[in-house]
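Student: Sequence:
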Amino acid sequence: MAAIQWETLPLGTLFRPSEELLLNHYLFGKLTTTLDDSTCPITEVIIATYDPWELPWKSTVTTEREEWYFFVPVEKKNPNQKGFINRTTPNGSWRQSGPDRKIFSNISGLKMLIGMRKHLLFYDHEGHRRGKVSEWIIHEYRLASESQSDAYHEGYVICKLVRRSKRWMASRKI
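Numbering (my numbering), first residue to last: 16 to 189.
These aren't lab readings, by the way, just hints derived from the structure by calculation. Certain hints may be false.
Derived lysine-lysine pairs resembling DSS-like cross-links, with alpha carbons at most 30 Å apart [said to hold, decoys possible]: (1) Lys133 / Lys117; (2) Lys147 / Lys117; (3) Lys73 / Lys147; (4) Lys45 / Lys133; (5) Lys175 / Lys126.
None of the values given here were measured: they were computed from a predicted structure.
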């Protein structure tokens, strides 16, 4: 897929989707094949094949903020098993940090569960047996099974890759 020429868009155009837009438009559209892949700013990639510092070059959208979005296929080992995502990369691994967060949509004053967000930290294994936490994080978004049909809600997730600043890392003594 060719990169979108953001320079040709009107001044001030940014790709900063809300969690609700990521789930209801992009992920739901991808799973139901109603999303036009030729104009979609989110690239499909298998996260485990790359280390996080290689992923920005796989994105079709470049931004001033250090965040990138990807569709990640959910693999199944056998038909009776729930899907999983391989989180081991060539030089490290992604590990969950904290519980999954619920994402709600406020439609006509009613709060409706539409998805979940998982927070993952990248641990660099180079020179460290157990790994050392790095500046890379992923927010992994998936549709809630209550909000969409189970037949297709496990096909993909959206991953938002973020690189934290060196100043942020120093303030946390990581």
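Student: Check the hint pairing Lys147 with Lys117 against an upper bound of 30 Å on the C-alpha distance.
Tutor: holds (28 Å)
Student: Are Lys73 and Lys147 close enough, with their CA atoms no more than 30 Å apart?
Tutor: Given pair Lys73, Lys147 holds - Cα atoms ~24 Å apart, limit 30 Å.
Student: Given the hinted pair Lys45 and Lys133, is their Cα-Cα distance within 30 Å?
Tutor: Distance of about 19 Å is within 30 Å: holds.
Student: Are the Cα positions of Lys133 and Lys117 separated by 30 Å at most?
Tutor: holds (9 Å)
Student: Given the hinted pair Lys175 and Lys126, is their Cα-Cα distance within 30 Å?
Tutor: holds (24 Å)
Violation of the numbered hints given earlier is absent; every hint is satisfied by the structure.
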